[in-house]
Structure formats: structure tokens, C-alpha cells
Amino acid sequence: MAVADFNQIRRSEHLPARIAGQIGREILEGRIAPGEKLPTEHLLAKTFGVSRSVVREAIAQLRNEGLVETRQGVGAFATEFGQRQSLRIEQGDLTDREAFKNLYQLRMPLEIEAAGLAALHHTADDLARLDETLEQMTGAEKWTEQGIVADLAFHRVVATATQNEYFPLFIGFIAERISLAIKAARAKAVLEEIVEVTIAEHVAIRDAIVSRDPARARDAMRQHLIKAAGRLDLTLETC
Numbered sequence: 000m001a002v003a004d005f006n007q008i009r010r011s012e013h014l015p016a017r018i019a020g021q022i023g024r025e026i027l028e029g030r031i032a033p034g035e036k037l038p039t040e041h042l043l044a045k046t047f048g049v050s051r052s053v054v055r056e057a058i059a060q061l062r063n064e065g066l067v068e069t070r071q072g073v074g075a076f077a078t079e080f081g082q083r084q085s086l087r088i089e090q091g092d093l094t095d096r097e098a099f100k101n102l103y104q105l106r107m108p109l110e111i112e113a114a115g116l117a118a119l120h121h122t123a124d125d126l127a128r129l130d131e132t133l134e135q136m137t138g139a140e141k142w143t144e145q146g147i148v149a150d151l152a153f154h155r156v157v158a159t160a161t162q163n164e165y166f167p168l169f170i171g172f173i174a175e176r177i178s179l180a181i182k183a184a185r186a187k188a189v190l191e192e193i194v195e196v197t198i199a200e201h202v203a204i205r206d207a208i209v210s211r212d213p214a215r216a217r218d219a220m221r222q223h224l225i226k227a228a229g230r231l232d233l234t235l236e237t238c
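First residue of the sequence shown? That's 0 in numbering that gives the first Met the number 0, and the numbers climb one at a time after it.
Don't take each hint at face value.
[Claimed, not checked] Label pairs and their in silico Cβ distance ranges:
hint : residue 1 : residue 2 : range
1    : A123      : A32       : 19 to 27 Å
2    : T237      : K45       : 42 to 50 Å
3    : L231      : V202      : 15 to 23 Å
4    : A98       : V209      : 34 to 42 Å
Because the hints were derived from the structure by calculation, they are not lab data.
Every value quoted in this text rests on a predicted model; they were computed, and no experiment measured them.
We put the CB at the ideal spot given by N, CA and C, even for glycine.
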């Protein structure tokens, strides 16, 4: 794959989604052949002019869409035609507010149950990754695009901690589609307030998972998602 063909991504856009879109088009249009290995995270980051964590999120989105598979210690590869999934929603489809609300409503039961299962089944490595994403959310870059990347990464780790491979597949897919809404919520609020509130909600989820209390973890995730929906002016049906 000739990475030189890619244009540097404009930082005003949501970086992981933009990068995933460009790589995805290369795969779908055959310029990256089925089974072909993608360049390393380091090379992609240098080519796009972004951090490796942004590239990592873009690759995760492509994996959720079934266009890429990752092999531990080897790298990322374009999936073979027969292995590709049809789960794909373009960002433009979600400009309709009702469609976006419906997708967010689907997120609720998936993420709440994931939090409960993560409390039961998480490993030491899962907790280390949760703490790593929280550190990124609370660090110096929390006011920037990197704060959104870390937010999405946190939810991916929770999904992975369920030890059920389908949770990260579906939750990661949905999370990427609502990333622009997270950015919009930041834009319309007092940034210092919304960032600190969001961090506190994620810390509560993390602490509940660590306690291995599934009911507490589910409640912490439910409260976070309801409040996050409110920050987007969405009213969801809850049980």
C-alpha cells in the first residue's frame, strides 16, 4: 500500500473517523488488496500527521466494520472478501436527528450490560488499559481532540473486558458513529465544565468495575449515558 497517496488530515475534523474513511476507501476500491498488510502505526501516524493513538482508533473502527483484522504482534491486514461484514453506517446517514437518537438508544442496553459483564470478567490488563485511557482523559490533552479519542477508547476497553468478542465489535462501531456528537456537545457547553463532569462519570464507571459489583457498574454506566444524552438534548426511553 502506498501511503504517500494519502493527504494529511485536517485537524478540524474528527481525526480517527477521517483516517478510517480514507483507508476504508482504499480497501473497498481495491487499492489495498484483500489480505495485504497495512503500514505500521508509526508510518501511518507520520503520513497523516497525527499521533499513533489516533491511528490506533482509526484501525479499531475499520476492524469494527470488518474491513481490517489485527494480528497480535504482527500488524493490521485488509480482510479477505469472504470475511467482510456488512455492518456499516455512513456519518451522513446520522444527520437526521431521529436516526441519531435511535442509534444512541441502541447504545444504552449494550453499554450498560457491558459494564456489568466487565465488572465480573475483567483482567488485570483490562484495568491497566482503563487507567491508561483515564490518564489520557485527565491529562494535558483533555481539552483537545485527544480527549475525545481517549473517551472512545475507554468505552472500547470496557467492552473488551466483557471477554465477549461481540461487545467491542458493536459498541466500538456505535461509539465511532456518535463521536461527532461528543465533539458537538463540547462545542456548545462550557468546556471546563463538560470535560470535568465527563471525567467524573468515567471514574465512577471504572471504580464500579474494579469493585466487581455488576449492579453498581451497570448503574454507573446508565447514569453516564443518560447524562451524556442530556448534553446532546436527547430524551431517551429508559427502564
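Item to complete: Kindly confirm whether 19 to 27 Å is satisfied by the beta carbon distance between A123 and A32.
Response: 39 Å, violated
Worksheet item: Holds or violated: 34 to 42 Å for the Cβ distance of A98 and V209?
Response: Since A98 and V209 have Cβ atoms about 36 Å apart, the given range 34 to 42 Å holds.
Item to complete: Using the Cβ atoms, figure out if T237 sits within 42 to 50 Å of K45.
Response: 45 Å, holds
Item to complete: With 15 to 23 Å as the target window, see if L231 and V202 comply at their CB atoms.
Response: Taking Cβ atoms as reference, L231 and V202 lie about 21 Å apart, which means the hint holds.
Of the hints listed earlier, the one the structure fails to meet is number 1.
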